[in-house]
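Peer 1: Put together the whole structure using the sequences plus the hints.
Residue numbers (the working numbering), protein chains in the order written: chain A, 1 to 319; chain B, 1 to 579; chain C, 1 to 337; chain D, 1 to 316; chain E, 1 to 323.
Derived by calculation from the structure, the hints in this document are not laboratory data.
Accuracy of the hints is not assured; some may be wrong.
Here are the simulated DSBU-like pairs of lysine-lysine, each with C-alpha atoms no more than 35 Å apart in a straight line [to be verified]: (1) A:K122 - A:K213; (2) E:K80 - D:K200; (3) B:K333 - B:K293; (4) E:K108 - D:K200.
If we take Cβ atoms under 8 Å as the criterion, some of the chain C residues that face chain A in the derived model are [stated by the list, open to error]: (5) L60; (6) N88; (7) D101; (8) A105; (9) F154; (10) I170.
Computed list of chain C residues with no C-beta within reach of chain A, every gap over 12 Å [unchecked claim]: (11) F7; (12) M97; (13) D133; (14) A302.
C-beta: ideal position from N, C-alpha, C; glycine also.
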Amino acid sequence: MWKTILRRILIMIPEIIILSILVFLLAKAMPGDPFTGSINPKADPAQLHHLMKINGLYDPWYQQYWNWVVHLFHGNLGNSYQYQEPVTRLIGGRAINTLWLALFTTILTYCIALPMGMYAAKHEGKLPDSIIRVYTYVTFCIPFFVILVIGVWIFGFVLGWFPTTGSISSTATPGIQSVGSRIYHILLPGILGALFGTVNVVQYLRSEVIDAKRSDYVRTARSKGVPEKDIYKHHIFRNSLLPIAAFAGYSITGLLNGSLFTETVFSYPGMGLLFINSISYRDYTVITALVLIYGILNLLGTLLSDIILSIVDPRIRIQ
Amino acid sequence: SNNSSSSSNAAVKFSTTYKNSDATDKTATKNGTLKLALVSNSPFQGITDPQLASNASDSMAFAPGNLNNLFKYDKNYKIISGGLADQKLDRSAKTATITIRKNGKWSNGSPVIAKDIEYAYEVLGNKDSTSSQYSSDFENIEGMAAYHKGTADTISGITMPDGENGKVAVIHFQKMSPSMQFVGNSYISQYIEPYEHIKNIPIAKLASSAPVRKNPIFTGAYKLDKVVEGESTSWSPNKFYYGKKAQIGHITINVVSLNNIDKALQSKKYDSVVPFPAASLGGTDYKNLKNVKGFTNVGEPSLGYSYFAFNLGHFDTKTGKNVEDPSKKMSNKSLRQAMMYALNVDQVSKKFGNGVKQRANTLIPPVFQKYYDKNAAGYALNIKKANKLLDDAGYKKRNGSKWRSDPQGKPLTIHFGAMSSNATTEATYQDYLQQWHKVGLNVKLVNGKPIETNSFYDTLQKPSQNTMDLWLGVWSLSSEPSQSQLYGETAPFNMGHFATAKNTQLINKMNDSSAWNDKSRTKTFKDWQEYMNSQAGVVGEQFSYAWQPVNNRVKGFNISPANDVDFYSNLTLTSSSMK
Amino acid sequence: MESTSEFLNIKDVSTAFKINGKYYDAISHINLEVHHDEILAIVGESGCGKSTLATTIMGLHDPAETKISGEVDFEGTNLLTLNEAGYNKFRGAKIGMIFQDPLSALNPLKRIEDQISEVMDYHTNFTAEQKHDRVLELLDQVGIVNPKRTAHQFPHELSGGMRQRVIIAIAIACKPDLIIADEPTTALDVTIQAQILDVLREIQKENHAGIILITHDLGVVAETADRVAVMYAGQIVEQGSAEQIFNTPKHPYTRSLLRSMPQLENQNDDLYVIQGNVPSLQRMPHEGDRFAPRIPWVPESAHEKDPVMHVIETGHEVRCTCYKEFKFPDEAEDVKA
Amino acid sequence: MEENLNKHSNISAADLDRLTKEASEEATPSSAKIIWNEFKADKPAMGALIIVIGFILFVMIAALFINTPKMMETNIMNYNAAPGSNGFLFGADTGGRSVGQQLIVGARNSIGIAIGLTLISSTFGICWGLISGYFNGYIDWGMQRVYDFMMMLPMTMMIIVLVTIIKNYNAVTLTFIFSIFYWEGTSRLIRSRTLSESEKDYVAAAKTSGTSNFKIIFKEIMPNISSLIIVDTTLSFAENIGVETGLSYLGFGLPIQTPSLGTLIANANDPNNITQYWWTWLPAAILIIILCLSISYIGQVVRRSADASQRHGITD
Amino acid sequence: MSLIEIKDLKVHYPIRSGFWNRVTDSVKAVDGISFNIEAGETYGLVGESGSGKSTTGKSVVGLEKVTSGSIMYKGKDITKKSNRNHLDYNHDVQMIFQDSLSSLNPRKRIEDIIAEPLRNFEHLSKDDEKLRVLQLLDIVGLDADALYKYPHQFSGGQRQRIGVARAVATNPKLIIADEPVSALDLSVQAQVLNFMKKIQREFGISYLFISHDLGVVRHMCNNIAIMNRGRLVEIGTRDDIYNHPLHIYTKRLLAAIPETNVSQRKAHREARLAVEQVYREQQDKYYDEHGDAYPLVQVSPTHAVALPEALAQQIVQEGEVKA
Ligand SMILES: Nc1ncnc2c1ncn2[C@@H]1O[C@H](COP(=O)(O)OP(=O)(O)OP(=O)(O)O)[C@@H](O)[C@H]1O
Ligand SMILES: Nc1ncnc2c1ncn2[C@@H]1O[C@H](COP(=O)(O)OP(=O)(O)OP(=O)(O)O)[C@@H](O)[C@H]1O
Ligand SMILES: [Mg+2]
Ligand SMILES: [Mg+2]
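Peer 2: So, in structure tokens, the structure goes:
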């Protein structure tokens, strides 16, 4: 099993290299440079050229790429031009925020979606099922940011239940209070994200359960005299939940995508917002690093899913 | 009140001060928290060192620390005594002598010393410095050029008569400039660096170092308690502050996005926003916020303005000078004037500015009360005149075309460059295009749509470009009003390459020896404004107010530049909860 | 063969499925008895209702989609009147069932041991240890060479024959009186089929159980069955002891089936082919002899209007009197010649 | 041998026509017919179908009568005019432009993008999935690596980067950019079905009948997964209508001169507009939801008719 | 010369494992088999599930990539694709599949299904083609109205006959029939077998008849090969195999055939158990040290068995004594 995982990771390496070159080139191809944006009378263009030069921005791209790779092997992703800070540290701080939020959203998604999906499937075709299906349809059809914007407006401003910006209150003292404050800040984005994220899980789970309900092994269980309740517990739910567990890895992709929106709407300083800002500042180093990190996270998500799946499903267990 | 706005078409009048008649509630003040919002769409960067910071968010986020400002100044930004240091200029000796007050201390209790002044120049001019604020003007300081190149280890032109730990620093210039009297000039830094605090850190790494980001020290009324990266700062009184002691127990500053600020203030999440001379709550915000209960609005003319510029030549990289090109499409003065007369900026300002914006009648904004020519006519809507100018200059509709062609009879298409922004600005662009179409000029947006900021400046900063014939740009100004860096003959930011002899002469005059005389300098500025208006090479579009609502529990809120140094120490609260 | 008491008595059972809102009989008016210590084979072509009969006895039909009438008298209880909980007392405990497809009938995610002991969870009060021992015992009993190892494996790790043995182990775990085996060997090779049938027989001997063996393979029937019921189009058309059915078949359908088997004697001849097809549920005729369309040369008059079972000798019953006049077309010619 | 065959046949050429005719009368309904029957049997689905088709037609035709440049002319005097005022039935937006007209043109543009995107990405994804699923070995391996790579790319980020690079993009370019990233889902689905379909004996039969691989893929396998293709395409169409809105919200969507449902809904990014000027964004949002709901409902019906056991309509 | 000569055919499927996922082992689905099929005969291939029958069949028809060995047809080795293309091989060699439903494309009408090989190999005019299809339908006893129907509208037996019609469309010389009747009911099975025989009689087609049902094989085949784990264990005429089986594996297969004579079932069962007993006890005698079958040795002109020479002779003699 470890061997297989290791092999999978090795296979990823060329993909990551190609991605890095691609991203690097694309970032360079964007019009402007990190210093154009800071146009104000105090900034002497000569000084900007000087800065461009000492940052090697006039070198040919392969040279720049090579330098970047060399630095990368020293654990250095370069400096952010905008934030004048090592990219690793900058992203490190933001990544924690994004991952907090993502983790919370994931947990919440499953807390909401699992009962919903199972309930709907158990009462297939009846009223609760219809209601849940309508819910999933409608949520599927509303663009994510609309959910966010309206959520912020209602729960943040009108009702004032939740904070609307940031990741932590500025006055929270370290310790319990600051953890509490962090949780308080991710509640609303987390709930809204989860509301959106449930759609896939509910639909997937529902069809899994319905398939399982009709399967031969459930008929076998019935013929063993297992009561209906236990059939659901031991056979149907268990068998349909396992593939859902593997879904968690794939959902990383969706969460990361969503982070661009959630963080923008909530001014939540995570990687998504950092990306949007860095785009307008042409902060190459940050853009490159973020795309690469998101790409790697996507890869790891897939890997994670495969691993979970191979753990829970004996049929595809990796030796 | 210290109302600087007397422009005829501004609908709203702001006071720079919120005169709160309630009594200060001592306990509420002592235990309370003043909550300020920092309006920005992106997290602030967290660079507390103002010389290294590259955008305004940081200076707002760390404003209660007073950003290591050396000088106190008056409402015209002229340096006066009474700040952390006093400055004395000696024109004959070509020196500036800066003397730190005896009780000047950093917020960690250590004294402010002469080396702190000198080190500011070293940080700025170091060859590895990441600061983008260095400009060739600083090479007016003796030895600065050598230091910047890396051939000298120190700046020979800065001396410390009492030694590094003394209180006096003397700067030797090659040439004195009247602008040195003003804060924000490009010869004398207004900042100091806490040398002892940061001396062990290579200048190249300063911006990312802990003393700058994690545990910075300040000279202002408040000291930093905590910074949540990119999001918020919180402050408490600095007991080492030399001046009036700070009174409010805590100040917090939180980043709030432009989209959310109205709602945030309406729902009383903040007392006010961090005051900043060029910060802008726009006209729409004003419309939404002007009547919110419990708040009073204060404002002063902004340090920024928007302008139309025409592409008139190119930048000669060899000589380092802007050169006009008579063959350019927009070289015809009548054409330029006609285009400006065709616009109804007044209407736009009224509609979208809701009174906090007004048509710019000149290129010096009203915040510079002394220099601003309030009587300049500028370009108010006058279609008839526009048509006449065009007709007279030979821009006629030929062969039944609905568009005017150029005097040679060739079809004329003018490319208008505009930056992408919010819906109202983009509606404004459309309005301008329509106005130009009304006088028969075929004006089109470059690429058919507003251009994203970076691409916009990327195009304009090329030494020579033909993509944009005219464009709408924005300046946020330094508090020193000289124009050489914007419109000077050698200024790379003179992106329209407007460079007549008269212009060069007037701009030089702003800073030559005659300018030491305030009256004479004022006249030069007015002459220049008149000249610029007549040439229509660059024409102001809108001036605006830097305004903000203040909750009525706050007392002592005065955003006049003259109060800048003491702004935070003057604040108190009249109640523990927001009104 | 100690007792031959009947313990399952199926009386007039019909099962109808709802298709497009209408009910169609898949089996109609079935009467059958099963005795201890016997193997009753039910044979018939695909689609004639064999599985439906089995699942009806087991009560595995969704009541919303099916309509069942009649009586299934199992040791004095009419199963059809039971509720779900009541039924569960019988399923697995008194009645075991073996399904056709051995792969899909096992839960792919559970170990063999868990699947076998599950049935004991509900019908015995064994301790975990006892259950474990019993599982190994059962696996051994059904002829698995290494019970310990197999108990730990997952279904996909076993071959088809082994899976079928596991299913048998599940069915007999609680020593049921009745085992219903629905085509237990169809998916298997001849050699394995023979082994599985051996296992079934041994178990029956040990438990004195009655077995209903559903199959369409006449060879299997001939080898294993004590009594045989031949089904056609939802009805039983002939039943009797294995000897009666194979040596003196009466019903034209039974005779046709037997005749279409490749035999040593007619090696180079064509095989006999029954004309036409088994009618689908919606096209099932509800009057007259359902087999009549497939033997058109038999005169109309030979068929009863409402065919009933006729007793020919003890235990041997045939539906409809057409058997009396039935001759294969070529035989008829032979007679003429 | 040829004679042998003929000996067996007593069919004359004249009979041929008659037989052909008789046979074709007995022919089973095509899948289109089955789907149609399904719609006839399901009233709400019929309603949804009519709404969608009717709306698309309306928008396409009505948009022809709207002079877009004229419509997009600003009139700042009508700044956010309320519905019913100044002759604006649906109100006006910040630029004083009719929301009603923008809805029509915007819907046309959004639907256009959705159609284009669905066509391009589905066609590509289907071909990719078919080819990759049919051939095993290096072709499949290579195609799977490309697929893996595409899956790794953070979609929205890449689109934003691309949109930033391409200075002069419009609806068409945007459609193409989206297409780069939207074929994966389809290709994955199609591939897995193709894999299982390729195992079936009719493929082997076609091979032994001398049919070329290309023909087997597109003439044998593809029709067999056509119901899957139809369902997937319908559902992606529903999804694609909303694709551009998100980017417009982030400010990387269509330029303001090209109205779309996305640019309209993006008006909601200012919380003030949410209540104060609700007409600038709400109708577009509702429109998207209704369209998307109807289309996904249609997708469900199509899916049902593809699955014979769930059909409501009588087909026999 | 035989119609088809199969020589030392091997088909191995790679098993990948280890860190680099390299081929470390292989499934020897077919592991060196040789036999010839004569024109006009039905050659039976019998064995347990997984013994490699289908793989052999697919290799002969060209659907499987062969690892080594040769299959000669008209003097050319058709394991090479170029040779197959050159000969229009599948014009002459066709296949009937086990699962009649899956072997007919459910989206195609019968006309198109049957015409498919015609369209590829014989470019006929539209009318000629239709005529041929009708003739073919006629041959397999289906009505003309079948033309426009879809496969699912037919019963299993009818579908299998359609499969036969498609296979004979190009007048092939050899048809590989891979368990053509094992999914069918008894009565339907009879139908299909009858048609196959009829067509053979009329067109002189050869069959490679693959089955694990020895009853059916006996009914159909003149020559029979018994396959066990990728190798042949016994080859012979019908009489050789059924009446004089030599290899224990063959005997075991034969013993497992259910006895239809009810009165003899007890005896039959005992006989079977006896064979099983021998099979279990004497495995090492009949298989080599790897558990594989030995190479074939000829014991009579028609009969060969995979045993060491000496053992083969011994068993032959024992058999004669018994007989
Ligand atoms: N759930 C159901 N709904 C509708 N019709 C059904 C259902 N189950 C079975 N049938 C129909 O009932 C008839 C009898 O089916 P059944 O499965 O009992 O036949 P069988 O004799 O077991 O056939 P096989 O040998 O193929 O298993 C068939 O025509 C079948 O199509
Ligand atoms: N594509 C494949 N990859 C790996 N192994 C295979 C493949 N195809 C067949 N095998 C293996 O080759 C062996 C022979 O398979 P084959 O299908 O030829 O057997 P068979 O005799 O036809 O069996 P059956 O009677 O079940 O059809 C089996 O062990 C099978 O698992
Ligand atoms: Mg059945
Ligand atoms: Mg096979």
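Peer 1: Are I170 (chain C) and chain A close enough, Cβ to Cβ, to be under 8 Å, as the hint says?
Peer 2: Holds, because the Cβ-Cβ distance from I170 (chain C) to chain A comes to roughly 7 Å (cut-off 8 Å).
Peer 1: Measure nothing beyond the straight line between the CA atoms of K80 (chain E) and K200 (chain D); if it is 35 Å or shorter, mark the hint as holding.
Peer 2: holds, 24 Å
Peer 1: Please work out if K122 (chain A) and K213 (chain A) have their alpha carbons no farther apart than 35 Å.
Peer 2: holds, 9 Å
Peer 1: Does K200 (chain D) lie within 35 Å of K108 (chain E) when you go C-alpha to C-alpha?
Peer 2: This hinted pair holds, its Cα atoms lying about 15 Å apart.
Peer 1: With chain A as the partner, please determine if N88 (chain C) meets the hint condition of a C-beta pair closer than 8 Å.
Peer 2: Interface hint status for N88 (chain C): holds (4 Å vs cutoff 8 Å).
Peer 1: Given the proposed pairing of K333 (chain B) with K293 (chain B), does the C-alpha separation stay at or below 35 Å?
Peer 2: Outside the cut-off at roughly 50 Å; violated.
Peer 1: At a threshold of 8 Å, is the proposed contact between D101 (chain C) and chain A supported by beta-carbon distances?
Peer 2: Status holds, d = 6 Å.
Peer 1: Interface hint check: L60 (chain C), Cβ to nearest Cβ on chain A, cutoff 8 Å. Holds or violated?
Peer 2: The hint holds - L60 (chain C) has a Cβ within 8 Å of chain A, the shortest such distance being about 6 Å.
Peer 1: Grab the minimum beta-carbon distance between M97 (chain C) and chain A and tell me whether it stays above 12 Å.
Peer 2: At about 4 Å from chain A, M97 (chain C) fails to clear the 12 Å cut-off, so the statement is violated.
Peer 1: Does A105 (chain C) meet its interface restraint, that is, does its C-beta lie within less than 8 Å of any C-beta in chain A?
Peer 2: Since chain A brings a Cβ to about 5 Å from A105 (chain C), closer than 8 Å, the hint holds.
Peer 1: Restraint: F154 (chain C) near chain A, CB-CB cut 8 Å. Satisfied or not?
Peer 2: holds, 4 Å
Peer 1: Could you check that no beta carbon of chain A comes within 12 Å of the beta carbon of F7 (chain C)?
Peer 2: holds, 18 Å
Hint violations for this structure: numbers 3 and 12, all remaining hints satisfied.
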